[in-house]
Every structure is written in C-alpha cells, then in structure tokens.
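Letter by letter, the chains look like this.
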Amino acid sequence: MFERPRRASGADLAFAIAFGLYALGGLLVLGQGLLAVGASLWGDLHELLHVQGLGTGLLDRVALRAADAAHSVPPGPQVVLDYVFSAVHLGIAAVLLKLRSRDWTARLLATALVGAAGVFNLTSQAALEQLTFTPLETLGQVGAHVLAGLAYVYALLLFPDGRPVPRWRPAALISLYLTATLVAVFLSIRLEGPARPATLLLFFGLLVPAAGAAAQAYRIRNTENATGQAQARLLFWALLPSVGLGIVFLVRHGLSPATNVLVGRRLPEPPVALYRIFQPAFALIPLALSAGILRYRLWDIERLLNRTTVYAIATGLLGGFYAGFVVVAQLVLGSVAASPLIDSKPAVAVTTVLFLTAFRPVRDQVQKVIDKRFNRRRYDAQVTMEKFAEGLRDEMDLAGIIGRLDIVLKEVIQPRHVSVWLRDVRGPGGRSRLA
Amino acid sequence: MPRGALSLRTVLLGGGTVLIFLSTGCGSGSEEPVTVRVDYDHDEFATQFIRFFPDRVQVHPGGTVVFKQDWTGEAHTVTFGTEVNEALSVTMPLIEQWGDVPEDEIPPGVLEAYLAAECSLLVMYGCEEQPAEEQPTSEQPPASEATAEEETDEINQTIAQPCLIEEGPIPDDGLPCPNQQLGPFDGTEAYYNSGFLGFEAETANVFELQLSDSIQPGEYNFFCSVHGSFQSGTMEVVASDQPILSTDEVNIQTRQQLNEMVEPFRAVYERAKKGNFVYAGESYTGNFSGLVDEGVEGMLNEFIPKTLAVKVGAPVTWLMFGYHSISFDVPEYFPIYERGEDGTVRANKGVYLAAGGAPEVPESVSTEPIVVDGGTYDGSAFWSSGVLGSEAYVEYTLRFATPGTYRVACLIHPRMVGTVVVTG
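Going line by line, the protein sequences match chains S and V. Position 396, counted from 1, in the first sequence is what this note's numbering calls 396; the numbers after and before it change by one each time, with no gaps. Position 406, counted from 1, in the second sequence is what this note's numbering calls 406; the numbers after and before it change by one each time, with no gaps.
Chain V with its partners taken away, still in its complex shape (with noise of 0.2 Å):
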C-alpha cells in the first residue's frame, strides 16, 4: 500500500479523535460554567418567551452563571441584588396568588402593592404610568406622537447600562450608574444589573455572571428589569463540598421548561394554520400578525398563514396580536435599540414609526381593538405600519399596487417573515 494512502488514513483517524476530543471539552479539569437560557426562539415557529430557562440553578461559590440570550427581537437585562430579593419576596406571592385572576377581579390595593414593589427596581414595561416628574401639557405633542417618541427616546439607562450600586436605594433618575464595572457577585450588592444583553452576533448575547468565593450559600433572586418579575429566577449557591446538577441534568430540565411553555403555543399555531384562533373567550379568523396565549409569557411571532394571494387592489386584512409592525422591503435587520459609542442605549425610531406613506401610529395603549386602514403599497421602497399594538389585537387591511412577489416582515422581529403574492 502507498505510503501516502496509509498517511491519510491515519490523518483520518487522528483528526477524527481530536475534533472529538476538542468538542467534548476533554482535558478541562474547571468546573463547566452553568447555562440559563434567557428568552427562546423556538425551531418550530418564531416564539418569544418572557422567561429564564431554567429558572433555577445550583452553583458553587466561585463558580460562573452564563446567561445565554436568544434574540428574539426582545431586550432582557439579567439583574440581581438585595432591593431584587426584596422586591420579588413582595411580587412572586402576589403572582403565585393573584396571576391567573382576571384583573377586575383582583381585590384593590393588590396591585398597587405589585407596581410599587416592581417600579422600585425601574422596571421598563408595566411602570409607564406610574406618576412622572414631568406632567404632560397642552404643548405636548398628540398622544400618537408622544407614544412613538417616548418609545424612542426615553429608555432608562440605570437598567440599560451595566449598574453596581452597593447600598440602596437604586436612583431613579433613569442616569447611567456611575459605577459600571461588575465585578465578582458576592450577594450583598444592592443592585447589580447586566444592562440590556448585547446585540451583535448570535454568539454575542451572553453575559457572564462569576460568583465569588466568599458569596454565601443560600439563594439569590435574579429578574430582567424591562419585562419585571414574570421574568424571574433564583439562583442557588450551594457549598463547595455539596454536589451540585450536572450540566446534562441542567440541560434536561432546561429542555423540559422550555416544552412546557412551547405545548401551548403548538396548539395556537396548528389553529391559526387553518385559520382560527382563540383568545380571551373569542374566537377570530383570517390572517394572524403575531399570536398571544392567555397561559404563556411570550408571543408567537408568525405571519400565518406565510404566503397570502391577494388581487391587485384587493384589501388584505391581517389581526395583530402582541406588538408588530407590518413592513416591506425592509432594510438589513436592526435590533429595537441602539447602544451608542458612550455606552447610552437609545430605541432605535426606525423601528417604531410608520414609513413609506403608511398611516400614523395610532395610540398603542389601549384595551379596544385598533382598527387601521393602511392603505395602499405601492411596491417600490420601503413601507412600514410602525409599530402597533393593543391589549386587545390590531386590525389592519392593506392594498397592493403592483403585481409582485412580496416579503413581509416585522421590524421588531427577525423570524417574523412572510410572502404576499399579488396577482393582476
């Protein structure tokens, strides 16, 4: 046999061994660093959930938390520190308690307590109408507007920046910590929040949590400042002489909180497919932008069904369900904010306001559902609706110019895509 035949064969076999080998992880003698997931896009449809997956861990003082984000075109910070343990001891009960209870049913003063508790840790989402330093007055802008730039500019940097404070209480000046520099997290900060996780790549939304090793065993509470206390978890530090979940046995009951939260959204998806959903005892039909359920903390970010044939000049009508934006020809993907070359976190306005001819953003805030003719698109340049959304659902209807074959997408977010098909 030539001498080169039995050199590659052995090449083979030893690359093989090594890429094995290197895989594995092999020759490590660390400790192997424990996965959270934050947030999870799911391989079946485009899902968010408002969640940590799983939403509690062991560790071991010294060792490392990895809190991996998909993106899913939501900003999640990973935030813990004393006023976190005691604001969740207030929040967690009254979810545990009150969470599936329609919210007039609640009795009063329970979710007074709930927001109090929450927007003393800032969060982003929920706290927007507790009483402001500025009142709004009649030079204001309309309402529509206002929205639109509220959602744009003002994004407090206390959550969105890395913060260390050491002593309570956390300023709510909505100013950049002065103290940025997370160090090892011994368990007696007062707040020690990541900011918003990073967009820049798939393998770039991480953010490292090293323990110290003087960090008392017991447990840690950890939440994301934009989304509050849904999006919770605890994190327990256990001595280093005790066992602790392997990362196959952590991976496991990742895997298996993550089905749990997937299970009903399989069913919405398979029923929107043929063209019903059900939501808050009603039932709809017709095209869906994005799908909710009354029993998961996420959304379903699909156009169902992907590829409608429509007439030129015909009205197709999408119901918007969470919060989407209908656009076309859009741009290379940009996430909902933007981190500035100091380190200040603006909402990027592209993403929320109508362009290309579209109608005005209409007031976002309300339990009514919006009823918005878009109009027509032409089909030349880039068109969006903005950003819309209602706690009810959205409807809008739209008309086509031009035969064409036409990708439609949200702007928030990145797998929510689809085609229309428009015919003369």
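Just chain S, same shape as in the assembly (with noise of 0.2 Å):
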C-alpha cells in the first residue's frame, strides 16, 4: 500500500524546498539545451535567443548559452539519447518520490536521479559550457555535481533496506560516511580551469559504480535473508558493468580529460568520449534498481505502475485522438494558421470540454485492457462476478444460488472458508439462519 498519509515534517519541508530548487536548477540546465537544439533548427529562435542574451538577467544568460550552443549541437541521434536518458532518469526519479517521498534511500536516490539527468546530458552541458561561469555559476555546477555524486554513493550504499553497510557501530560509521565527504566535497571544490567538469564526472563516474558494487558485495556476503541477498545480487551485477566501463576508459584514456591545457581561455570543448562512456553506463544503475524494485516487489511499485501506464496511455490515446482532429482539420482547412477552427477560442474551450469528458471513459477502458492484459487476476475476478450476477436472473433455487456464490467466492478471492447468513424474512421477528 501507498503510505498512510501523515502531517509534513520541518525535514519533508525543508527537503521539498532543497529538492524543488534543485530539481528547477536541473529543469532550467536541461531547458537550455533543448534551447540551443531549437535555435540550431530556427534561425529566427537563435536571432530572438541573442537579442535576449545582450541582457544581464539569469535568464538572459541562459537564452545566451543557448545561443551559442546553437552552433555546436551534437548530431540529433544523440541529442535524443541525452534527453532519452534525462527523461528516464527524471521518470524513475518521480516515481521513487511518489513511491516513498519520506524514505531517505528513495529521496537520495531520486537527487542522485535528477542530477544525473543534468550532468550526463551532454547537449545542455555542451550549452552551459559556453559562458565563463560566474561565481554563483559555478557554486552551482560544482554543488550539484558533488550533491549528485555523493547522493548516488549513499543511495547505493542504502539500498534497498536504507540500513547502512559496512553493520559498524553508529559512531565508526558517522566517522567513515562524514570523511569521505569531506574529503569528496574538498576536493571538488578545489578543482579549477576548462577540465573541471570532466574531472567531476571521471570521479564521480568511477566512484559511485564503485561504492555501490562494494557495498552490494558486502551485502551479499553479510545478509542471511535470501531474498536480500538475491537483490544484492542483482544490483551488484548490474552495477560491475559501469565499474568495467569506467576502468576501460581509464586504460584508454588515462586522466587526460582532467587534463588542464588552455587554462583561462573560453573553450566550450566539451569531454565527448568521457561523456559517451559514462552515459551508458549510469543509464545500467537505475535500469537495475528498477529491475530490482519491479523483481521483488519493492515499494508497492505495482499499483504504481499499474496506475501509471493507465494514466498514460489514455492522455497518449487522447492527445493522438486531438493531434489526428487539428491533422485532419489541416488537410481539410488548410493550414493550422490559416484554421478559425482551431484558431478559435470556442474552438479551444469545446476540445478541452471534449477531452475532459471523454478521459474517465477512456481510463475505464483501458484499466479493463491493462488488467486483461497485465493483471489477469483481477480481470478474471471481475468477469466471475459479472456473470455470477447474471445467473442470478435465471436461478431460482436458493440452494442453487448458495451453491454458486461458494464456487465463485471461492475462485475470486481464495477464501479459507465460506459461510453464508440468511435472514428469514417471512414473519415478524424473523431470524438467520446458516446455510
């Protein structure tokens, strides 16, 4: 079940801001890219995205990056594949706060998450790159690299049961967990000149793979529960990918990204290689976290789901039906522009009226196909009843109809036994009776 609903904590608020802000922060990096891909596509964009960029505001500087980017946007293969994985990672994030918003292996998780989503996606940070960053820039680059890395490293080392590994006493613990911070923290913030972000990312792409394969090594070797080994396991395995990874591109490689050459010159050169390496391979992480939350059941993740392909396929069955009408209307009218149809603002208002009316049907339907499909038991369930209530036209036997209704309760819900309470309704006084 969901969790039962509780009053909100001075923590959850104060998480809820900090997360808000950053998840706006990674929103607002990853916006800037798709930004820069449009201007790359528009030319009267990337003209509007300079004049704003001759500003001084936030914003101004975000329209800027964008149009400078818009010379230098990957090819659109693998602009998709940076928003394919920024999408996926912000889906699993979101489902993991809706999931647990109050578990703190959830919540690291779903930061590591988001932050992720940002740093491995080169376009934006491609865009990013294209300013020297002002003082604030850069608390904010560096912070969320740091927060992302060491939220993965903690997350991982959390998961599934949030019980921290190695089973040292609380005070060795603390000890271990707040030095290797420290030294994360200190050491990113030290890191200066054009290979800054590829350092963060050689780091934090070797070192979270890492932790997290150690600390499910542990688990498997120290858990007596079966089943908590077997999700060791399968985090491990997934996980010794991305360690490979990271340790053939070191032998390729060496450090040479984290390499400072042209120190102080405004190079948007981004790490391609380093990018392409570690992109897939952090993409395995939460493909096997979610392989693990959907493998044992973790986290009630079923009704979730279940509610979530609902919901999406009926907006996705709506939005096609809307997008064929203005289509349609198009081919009919001549262009959208040119349409007082779909110009209109009555227009507008009957669509949305349209849509709105038609979604509970349409999610009914669909729930019946998912079910039919995915979740035979409570399909079966339901089609048992439909027809038990059918019989009961035609049946005029009560020893018939108890006799039935044994059988269909038995089928639907699997009960250890049946009795049925029948109240005598022919006199005053009338009693029950057990059948």
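To be clear, the hints were calculated from the coordinates, so they are not data collected in a lab. In this text the structure is predicted, and so the values were computed from the model without any measurement. Treat each hint with caution, since some may be false.
[Claimed, not checked] If you want the ones that stay clear, here's a sample from chain V, every Cβ over 10 Å from chain S, calculated:
hint : residue
1    : V101
2    : C177
3    : Q181
4    : T234
5    : P331
6    : R339
[Said to hold, decoys possible] Heads up, simulated SDA-like pairs for lysine to any residue below, C-alpha to C-alpha not over 20 Å straight-line:
hint : chain 1 : residue 1 : chain 2 : residue 2
7    : V       : K306      : S       : H71
8    : V       : K273      : V       : V310
9    : V       : K306      : S       : L262
[Unchecked claim] To list a few chain V residues with every Cβ distance to chain S over 12 Å, as calculated:
hint : residue
10   : E31
11   : K68
12   : P107
13   : I165
In this text, a Cβ means the ideal position worked out from N, Cα and C, and glycines have one as well.
Please dock the two separately framed chains into a single complex, following the hints provided.
What follows is the structure in structure tokens.
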C-alpha cells in the first residue's frame, strides 16, 4: 500500500524546498540544451535568443548560452539519446518520490537521478559551458555535481533496506561517511579550469558504481535473508559493467580529460568520449534499480506502475486523437494558422471539454484492457462476478444460488472457508440461519 | 495524497515563480541602465571588433550607461570629454569622406589633419610615428628588439588608468592623471577616461558611466583611446520628460549592428575553410592564422583549418593576417597588459616575445609580407613565435620533431586555438 498520510515534518518541508530548487535548476539546465537545439533548427529563435542574451539577468544568460551553443549542437541521434537518458532518469526519480516520499533512500536516489539527468546530458552541459561561469554559477555547477555524486553513492550504500553498510557501530560509521564526504567535497571545490567538469565526471563516474558494487558485495556476504541477498546480487551485477566501463576508459584515455590545458580560455570543448562512455554506464544503474524494485515488488511498485500505465495510455490516446483532429482539420481547411476552427477560442474550449469528458471513460476502458493483459487475476475476478450477477436472474433455487456463490467466492478471493447467513423475512422477528 | 508531495509541488511552482520574478528584474522601479557592448566575440567564430554596439544611445540625465566589454584579447577604454568632442568633430567627417579610399589616393594634408586631431587625444595605435621627445640613437637596440620593448613597456598611463581632467589640454607626458576619481559625468569635463577596461573575469569587464542630474540634453561623443576615432560613438542625453529607447529596442539595435559587422566575416570564414582567402585583390591559399576583411574594423581570430595533420619533420605554413602569435604548450591565459598594485599598467612581455627557441620577432611595422622560418618545435615545453604582424601578411613555417597532438594557440586572443596532429 502507499504510505499512510501524515503531517509533513520540518525535515520533509526542508527536503521539499531543497529538492524543488535543485530540480528546477536541473530542468533549467536541460531546457537550456533544448533551446540550443531549437535555435540550431530555427534561425529566428536563434536571433531572438541572442537579442535576449544581451541582457544581464539569469534568463538572459540562459538565452545567450543556448544561442551560442546552437552552432555546436551534437548530431540528432545523440541529442535524442541525451534527452531519453534524462527523461528516464527524471521519470524514475518522480516514481521513487511518489512511492516513498519520506524514505531517505528513495530521496537520495531521486536526488542522484535528477543530478545525473542534468550532468550526463552532453547537449545541455555543452550549452552550459558556453559562457565563463559567474561565482554563483560555479557554486551551482560544482554543487550539483557533488550533491548528485554523493547522493548516488549513499543511495547505493543504503539500497534497498535503508540500513547503511558496513554494519559498524554508529560512531564508526558516521566517522567513515563524514570523512569520505568531506574528502569528496574538498577535492571537488579545489578543482578549477576548463577540465573541471570532466574531472568531476570522471571522479564520480568511477566512484559511484565502484562504491555501489562494493556495498552490494558486502550485503551479499553479510545478509542472511535470501531475498536480501538476491536483491544485492542483482544490483551488484548491474553495477559491475559500469565499473568495467570506467576502468576501460581509464586504461584507454588515462586522466587526459582531467588535464588542464588552455586554462583561462573560453573554449566550450566538452569531453565527448567521457560522456559517451559514462552515460550508458550510468544508464545501467537506474535500470538495475528499477529491475530490482520490479523483481522483488519493492515499495508497492505494482500499484504505481498500473496507475502510471493507465494514465499514460489514456492521455496518449486522447492526445493522439486531438493531434489527429488537428491534422485532419489542417488537411481540410488549410494550414493551422489559417484555420479558424483551430485558432478560435470556442474551438479550443470545446476541444478541452471533449477531452475532459472523454478522459474518464477512456481511462476505465484502458484499465480494463491493462487488467485483462497484465493483471489477469483482477480481470478474471471481475468477469466471474459479472457472470454470477447475470446468472442470478435465471436461478430460482436458493440452494443453487448458495452453491454458485460458494464457487464464485472461492474463485475470486480464495477464502479459507465460506459461510452464508440468511435472514428469514417471512414473518415478524424473522431470524437468521446458517446455510 | 501525502502532504510531503503536495509541499513539493507547491515549492516547485513557487520556486519557479520566484526565479522568473528575480530573473526579469521585476520589482525594480528605477530606470534600467543602457548597455553598450565594447568589442564583440562572435559565437560562430572568434572575432574582435573595434566598435561600440550600438554606436548611438539615448539616456536621461541621472541615468547610467553600462559599457560591457567582450574580452577578445584587445584592450579598450571608454573616453568622453569636450576634447574628445572637438577632436572627433575633425576626424569623423574625414573618415566619412576618405575612409574607403586607399591611403595613396588621399590628398595631401588629410592624413596629417586626421592624425593631429586623433593624436591630441593620445591614441595608442596609429600615433606611434609622431615625433617623439627622445629620438633614436645609435646606442639603441636593433629595430626588432626596440619594437618588442616598445610594445612591452611604453603604455601611456594617462589613457591606461582612469583620468579626469576638468579643463584642457590633455597633458602628453604619459603619466598617470593626478585625479582618477570619476564622479558623475556632467558633460563639461575636458577629458573623462575609464582607463583600460579590466580583465579580471567575464563579469568584470564593465565600466558604468553615471550621468549627473545636471547634464544638459545634447550629444556627447565617446571613443576608445587605444583604437581611436574608428571606435567611437555618440551618447544622446534626452530631457527627462522625453521618451528614450527601451532596453529591448536598444538590444535589437545592438544585434542588428553586430550582424552587419559579422556578415562579411562569415563569408570570409566559409571561404577560408575551403582553403582560399581574398584580401586587397590578392588571392591566397593555404593554412591561415587570423583573417581580416577590408570592410570590417576587426579581425577574425581563428586558425583555419582548426586541425592540421602533418608528418614529423615536414613543414607546415600559416599565412597570418592581423597580429597574432603561434604558440604551443601555452600557460594559463593572461591578457596583453597587467595592472600593478599602484595602478600602473604594463604590457605583458611574455605575450610579445619569442620563446622556447623560436627566432626573434622581426620588425612588425611593415607593408611588405614577412617570411619567417620558425625552425622545429620539439614538443617538450612552451614555445612561442612571439607576436607577429604586418600590414600585408606573415608567412610562418614550422616543423615538428615528435609525433603527438599539439594544441596551438595565440597568446593574445583567447579563443584562437587549433590542433596540430603530428604523425611519424
């Protein structure tokens, strides 16, 4: 079941605020990359962004970065790859928060995934590197890397049961974690120059899977519970390719991406090889986590998946119908801009009302189809109940009805035993009897 | 729904609103400052423009004009004053009349009149050949070394440091101004100079001109003391009750002027990428290190092609247009000048001089092509040709002793970077 609602604590609110700002920053970075892609396709947008970029505000700098990056946008398939990667990460982060908004493992994972969505998106990072960072931007960029990296490490140390490894006494454990955190933060903030993003990527790209794999290896050895061991084993094997890819990268390229050359020059030359190696490596981790959650039915995933699937399909269907409607109208009436049907406010209002009215029946139908295809027990139970209800019309014999009820109940909810109490209503003070 | 989730949604929406509010500068009731770009580094290819964008701005008394420099490698100043107005009233009509005419077709006296007006403002480039107090003697070092020394040490402190002179004329002793405190500009000052705009960081290359409330409506000229009248503009002070262009309108104007300047370079760049460049009626083929265009006050600061493949020991030649260096294993970027703790501005010798075994820098002031054999770079350490230039071009040839991938860079222009891949 989902968590029981309770009052949000101060910590919940603090997390919500911090996570909200962090996620907004991530979305801003991703949006900047998309703007750059848009500007590379449409000259007018490029020009508009340049004009906006002559200002000095935060959004002006976003616009200028996007406009500048428009000339060096990666090829289309790579852009798609970047944004599919980011979308999957953001989606899983949203699911995790939905499932366990108060669970710190889920929160850490969500933080890590949102960070990874931005950090490993080459298109948006290339746009970010177009301008020399202001001190505030440096803080944000380094902070996001460090936060995402550390959150990832700790999430993998805590997953899935929230108990930290190794199983040391709290004081020793806190000392270990605190020292590791301080060292990571200290090293990260000391980095400077054009190689800083690559160095951060390399550092956390190696650290996250290595620490995660080590933690899960520890769990395999020290967990007596068979399910716990299986979960740890799954994640361990999923993390291993990431560790391997990191090692292969180190062997092939050494620390060259982290070497500062041409320091002090504004040269947006992102380390493409580094991104293309670590991006798939990091894609494996959330996939492994998702596989683990699905395989072992952790955190009531089924219910959420069911809902998500139903709503996604229903929205997609209606969206598709709407798009089809627009296309047909376009074909019939000319261009969209020239079509009063599409442009007119009443048409928009009518379409919206139709959309809203149709949503519930469509959702119910989709739910039925999903249950029939993927949730067979629920579907069979429903069909059985419907058949029983229909059969009641023809059945006159009480003993026959009770017999059929017995069969239906055993089929649908599989009770240990069935008792039927009947109320005798033939006279005053009618009494119940056990059938 | 859990309350935490609701809070998160609220925070996301609220945070977004706050961000948009802050980024658009809402809540500020005062008039927005007008921004003028000094120079410009284009996004598609590295450039420098000896221009202000836009070159004409409107402002109200008491308003602020922000001069924001794109650091392209060039130093600039923003200089106002009645002396500037007077000198530009001579030079600008001459530029308009004779600016597009070849120098040898300009009638006698025109150039002299131009230089007399311009050099009265101590302009750094173009006035070097004016009669100096100290004439060269036989004890002085050879021309090439003298040029380097001249470049490195002799920066006029009157223009390089902030300077306020209430009444003219402007002293030509080259010393720092006694009064460097620039108060609000009221238009009556003889000389009101920002000094070299700072190179500390991207956000620091800014000079804010605060106008006095008492400044009279009218036109006030400004120019760059480094580059002279070609880099000049006009500030129109409009009475407070009259409308002026909005920030958006100014930005659109800026962008239009930038595009006009960039278009000729785009054509030059595309052609050069195919290995061909036409300048002053001559056609050139090969590798290029910086390009210019006759119609543009600026330079295209690129190595073209960006990546060169060459065999060990084989010569590679760059045709250099403008003033650049060809340098390898370069240190952290440093600008062409440095400002001492006492405010003294000195040229950075390291930029101009040859290093790592490269031949000495030849005489730069030449209308003839300069041909230099740079020898062989062994790939082991910092190596620099020094800053080379000619009014024609420089043909620079170099060989590589060791296979490897080398980043080649110009020490003046930060975005002028290329790669040489040397194979055995």
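Evaluated hints:
1. V101: Holds, since 34 Å exceeds 10 Å.
2. C177: Holds: least Cβ distance 30 Å, greater than 10 Å.
3. Q181: holds, 26 Å
4. T234: The assertion about V/T234 holds, with a minimum of 19 Å to chain S.
5. P331: violated, 8 Å
6. R339: holds, 16 Å
7. V/K306 / S/H71: holds, 15 Å
8. V/K273 / V/V310: At roughly 17 Å apart (the allowed maximum being 20 Å), V/V310 and V/K273 satisfy the hint.
9. V/K306 / S/L262: Holds - the C-alpha atoms of S/L262 and V/K306 are around 15 Å apart, at most 20 Å.
10. E31: Label holds. Min Cβ-Cβ 15 Å, cutoff 12 Å.
11. K68: It is violated; V/K68 is separated from chain S by about 8 Å at its closest Cβ, not greater than 12 Å.
12. P107: Holds, because the least Cβ-Cβ distance between V/P107 and chain S comes to about 41 Å, which exceeds 12 Å.
13. I165: V/I165 clear of chain S: closest Cβ-Cβ about 31 Å, beyond 12 Å.
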